[in-house]
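Number of protein chains: 2
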Amino acid sequence: MCCGRRKAPPGLVPLILMGHGGGQHKKAPGIVERARRFVTEGGFAVVAVDVPGHGDRPKTEEFARVAAGLRAGMAAGEDVAPHLATMHTFLAGRAVPEWQAVVTAVQELDVVGTGPVGYFGMSMGCGLGVPFVAAEPRVRAAVLGLLGVEGLTEDAARVTVPVRFLLQWDDDRVPRDRGLALFDALGSADKTLHANPGGHGAIPEFETDSSLRFFVRHLG
Amino acid sequence: MCCGRRKAPPGLVPLILMGHGGGQHKKAPGIVERARRFVTEGGFAVVAVDVPGHGDRPKTEEFARVAAGLRAGMAAGEDVAPHLATMHTFLAGRAVPEWQAVVTAVQELDVVGTGPVGYFGMSMGCGLGVPFVAAEPRVRAAVLGLLGVEGLTEDAARVTVPVRFLLQWDDDRVPRDRGLALFDALGSADKTLHANPGGHGAIPEFETDSSLRFFVRHLG
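Protein chains in written order, with the working numbering: chain A, 20 to 239; chain B, 20 to 239.
Calculated directly from the structure, the hints in this document are not laboratory data.
Incorrect hints may have been included.
What follows is a list of derived Cβ distance ranges for each label pair [claimed, not checked]:
id: 1; chain 1: A; residue 1: D196; chain 2: B; residue 2: G218; range: 16 to 26 Å
id: 2; chain 1: B; residue 1: G217; chain 2: A; residue 2: R90; range: 39 to 49 Å
id: 3; chain 1: A; residue 1: A91; chain 2: B; residue 2: D196; range: 26 to 36 Å
id: 4; chain 1: B; residue 1: R90; chain 2: A; residue 2: D196; range: 33 to 43 Å
id: 5; chain 1: A; residue 1: P28; chain 2: B; residue 2: D196; range: 46 to 56 Å
id: 6; chain 1: B; residue 1: D191; chain 2: A; residue 2: D191; range: 33 to 43 Å
id: 7; chain 1: A; residue 1: A154; chain 2: B; residue 2: R55; range: 41 to 51 Å
id: 8; chain 1: A; residue 1: A208; chain 2: B; residue 2: A95; range: 26 to 36 Å
id: 9; chain 1: A; residue 1: P156; chain 2: B; residue 2: M93; range: 42 to 52 Å
id: 10; chain 1: A; residue 1: E52; chain 2: B; residue 2: A208; range: 16 to 26 Å
Even glycine gets a Cβ: it sits at the ideal position worked out from N, Cα and C.
Looking at chain A on its own, in the form it has when it is part of the complex (with noise of 0.2 Å):
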């Protein structure tokens, strides 16, 4: 596309790290596509790890009962949202710090180096991303998206790097209003929503397109 970057100096490479999904992982679509763009369009390093109790990493019996709750609670057709609040609140006190850890020994490869730092995360990704960003300094951009303001208003109102924020407008699974809110919440005065029509998984290709020159304009 039209995203050339100036190729960064040797050790300010600017790092983009990605939050997979609920019930997704590190090398999902999803993650692996965006990442390949942002790596060779962008001239980002993109690092991505599995979320507790994903991919290759180990169920424990607190996730496994959390996860029970959350799943009990969808075949009961009870309102979905405050078990994922209650799920993403969960993971996001062990992910958190580990991103934090992650962002560090990434940032120490000669390849890569102390420069600017953004976040992508949707849905899930964008639970955790949620509190990730309020509490690291080093995230100067984040994408977030796809989730309702259930559980995360407050460390929301703590976000104040640029913000893009995806919505879909026929979301099956985040009530519009829900999504509106938690865009609201955010503290940034630069934050831009992007809604397009379409459920949970149909966000349009050219929105990558987009992401990618947010992140190239506040990054690069």
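Given the coordinates of chain A, work out where chain B should sit on it, guided by the hints.
Chain B in isolation, oriented as in the chain A frame:
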């Protein structure tokens, strides 16, 4: 920016018609500055004309009567939306056929020709643009926004071309839910809402870059 377009064949230059805001005119800064970028960076032809009762055009008695109703409603602190809808309906009945004739006339110029047509209009330019885009099959893509749904539901449903819709999250003139309702009412399968913080006139400059890319993608 990054929007170089292949030069169109002679006689097929894409044309963008721009509709100005209420109380403004064809040479208002928001028209001229965007038009210059669409021409120089996108290779488009751009045309804007004064809406009846605006700019160099006479204010008829009928226009003066409708405008007086709008001003009186504003002065009385009434909900201004129905008055705006009345004004826009009155003006659209005149502007839409004029704009259709303008497209025909401009496309007869050798330097333009019968390429694809786009439309750009915010606020009143959206209020007249929705019925124009609904009525004019030569329009293939439109950037609209800064207006609520009042009086536009039926025409919006008849819009089927790709639409970019700009909404200001803290618009001091358009209640948020009414702007969202106009986006919702658009019949287009390919429509994207971009919402940014700030008041009615505070659309960020990067949205002009984005509109340019949108037109390049759909008309280029």
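Consistency of the hints with the structure:
Take D196 (chain A) and G218 (chain B): their Cβ atoms lie about 22 Å apart, and the range 16 to 26 Å holds. Remark: the range hint 39 to 49 Å for G217 (chain B) to R90 (chain A) is upheld by a beta-carbon distance near 42 Å. Take A91 (chain A) and D196 (chain B): their Cβ atoms lie about 35 Å apart, and the range 26 to 36 Å holds. Separation of R90 (chain B) from D196 (chain A) is about 35 Å and conforms to the stated range, judged on CB atoms against 33 to 43 Å.
The supplied range of 46 to 56 Å is met by P28 (chain A) and D196 (chain B), whose beta-carbon atoms lie about 48 Å from each other. A hinted range of 33 to 43 Å holds for the C-beta pair D191 (chain B) and D191 (chain A), which are about 34 Å apart. Between A154 (chain A) and R55 (chain B) the C-beta distance comes to about 44 Å, which sits within the given range of 41 to 51 Å. With their beta carbons about 35 Å apart, A208 (chain A) and A95 (chain B) fall inside the hinted range of 26 to 36 Å.
A hinted range of 42 to 52 Å for the beta carbons of P156 (chain A) and M93 (chain B) is consistent with their spacing of about 46 Å. About 23 Å separates the C-beta atoms of E52 (chain A) and A208 (chain B), a value consistent with the hinted range of 16 to 26 Å.
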